[in-house]
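Asker: Spelled out, the chains give:
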Amino acid sequence: MAYAKKKTLRNEKGDAMVLVLCAMMLFGALCASVLFAASLAQGNAVQAAVGERLKLLTLSFSEMLEDELLEKGEMHQEDMRSLMRQMVLEEGVTGVSESVNASDVPKPMELSCQLDGKEAMEYLEGYDIRVKVYWEGKRSEIRQKLMVASIDGIGEEQAYDGILLYVDVIGEKEEESYRIRSEYKVTIKQSEQSGECEWVYQLGGKY
Amino acid sequence: MFKKYLKDQRGISMISVIAAFVILMMGILMTAGAITTAARVSGEALQMQKDTDAAVAAYYQETGDCSSDKVTITIRQKKSPAEGLAQFEGAQETYIYTSPMGKTFSLHSFRSVNHVEEAEE
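So the sequence lines, in the order shown, correspond to chains P and W. Going by this note's numbering, the first sequence opens with residue 26, and the numbers climb by one from there. Going by this note's numbering, the second sequence opens with residue 645, and the numbers climb by one from there.
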């Protein structure tokens with residue numbers, strides 16, 4: 026039994042094939058690593074191209090929104106300035122109706138974009154645009170002003186004077202995304218004659 | 645002395661040598677193919693990177709084919725789409741850059757209608 030085992034161990038038949046298979050494995054590993062490095066380089070190039078497209082798309086869209094928000098003159102029911110005003114007022118009311126200990130962390134309000142009635146992703150061949158808006162201000166002060174205004178029955182909107190409005194434009198394609206944030210200072214002017222409030226947006230910065 | 649070597653029957657058969665050679669050749673050919681493919685793919689990646697940079701540079705220098713369409717942009721609240729919405733006109737521009745190799749690279753951008761009208765004037 027022991028002799029037969031020893032004989033099997035000393036048997037050198039098939040050595041050459043083992044060597045060839047080892048060489049093949051080395052070649053295989055070399056091929057795989059070379060192909061992996063090349064595909065990685067191509068992946069990076071595609072990612073860079075998508076990133077540049079997203080950057081341009083997002084920046085230009087953000088600039089267009091900026092033009093809409095900074096536009097002077099009468100506010101219409103369906104313009105950007107009016108939508109922002111409406112959203113701040115709605116979110117403000119929700120915030121105030123919460124308990125006194127409610128967190129002061131601003132809640133972003135999400136907006137969707139349609140171009141000629143089509144979803145942005147459909148119109149822009151797979152590139153999507155989303156807008157997120159939130160505002161910051163001393164909420165305790167705003168709550169106080171709102172309470173006074175509710176007693177007096179006037180000047181509710183004035184409570185939001187001086188808040189900072191942040192508009193985030195996010196461009197996305199699959200897993201790639203690019204975001205740009207614009208900061209606006211909101212000044213609320215009340216007309217003495219009609220008593221109507223005018224919301225003036227002033228660009229604070231972009232980052 | 646030579647008689648001893650001539651009588652020695654140990655060694656590898658011709659079939660084994662041919663089989664090993666064929667397998668080794670397959671490995672060498674596979675490696676050569678992989679290196680060629682990798683070189684081609686890397687070259688394409690490098691070209692794509694160059695094209696991207698050139699397209700972006702050409703976009704800012706405004707030297708290329710550009711088509712502009714007026715679009716109506718509607719922005720709605722996701723939470724309650726029926727309640728709040730803003731609608732305005734904008735220009736959606738598609739900028740097409742053709743590389744010296746003949747590949748096209750398109751870039752989308754937006755412009756305020758006011759800006760387009762100012763530029764036309």
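For the record, the hints were derived by calculation from the structure and aren't laboratory data. Mixed in with the good hints there might be a few duds.
Pair ranges (Cβ atoms, derived) [unchecked claim]:
# : chain 1 : residue 1 : chain 2 : residue 2 : range
1 : W       : Asp-697   : P       : Gln-169   : 50 to 58 Å
2 : P       : Ala-57    : W       : Thr-742   : 34 to 42 Å
3 : P       : Lys-80    : W       : Lys-714   : 36 to 44 Å
Here are the simulated EDC-like cross-link-like pairs (lysine to aspartate or glutamate), alpha carbons at most 20 Å apart as the crow flies [as the list claims (entries may be wrong)]:
#  : chain 1 : residue 1 : chain 2 : residue 2
4  : W       : Lys-722   : P       : Glu-147
5  : P       : Lys-198   : P       : Glu-77
6  : P       : Lys-132   : P       : Asp-92
7  : W       : Lys-714   : P       : Asp-186
8  : P       : Lys-80    : W       : Glu-706
9  : P       : Lys-210   : P       : Asp-92
10 : W       : Lys-723   : P       : Glu-135
11 : W       : Lys-714   : P       : Glu-135
12 : W       : Lys-723   : P       : Asp-104
13 : P       : Lys-80    : P       : Glu-199
Yeah, the Cβ is synthetic: ideal placement off N, Cα and C, and Gly gets one too.
Asker: Does each hint hold? Answer for all of them.
Answerer: Outcome of the hint check:
1. Asp-697/W x Gln-169/P: 50 to 58 Å: holds (55 Å)
2. Ala-57/P x Thr-742/W: 34 to 42 Å: This hint holds: roughly 36 Å between Cβ atoms.
3. Lys-80/P x Lys-714/W: 36 to 44 Å: At 24 Å between Cβs, range violated.
4. Lys-722/W x Glu-147/P: holds (17 Å)
5. Lys-198/P x Glu-77/P: holds (12 Å)
6. Lys-132/P x Asp-92/P: violated (25 Å)
7. Lys-714/W x Asp-186/P: violated (35 Å)
8. Lys-80/P x Glu-706/W: holds (17 Å)
9. Lys-210/P x Asp-92/P: With Cα atoms ~15 Å apart, Lys-210/P and Asp-92/P stay inside 20 Å; holds.
10. Lys-723/W x Glu-135/P: With a Cα-Cα distance of about 7 Å, the restraint between Lys-723/W and Glu-135/P holds, given a limit of 20 Å.
11. Lys-714/W x Glu-135/P: Roughly 25 Å separates the two Cα atoms, so the pair is violated.
12. Lys-723/W x Asp-104/P: holds (18 Å)
13. Lys-80/P x Glu-199/P: Roughly 15 Å between the alpha carbons, so the hint for Lys-80/P and Glu-199/P holds.
The structure is inconsistent with the numbered hints 3, 6, 7 and 11, although it conforms to all the rest.
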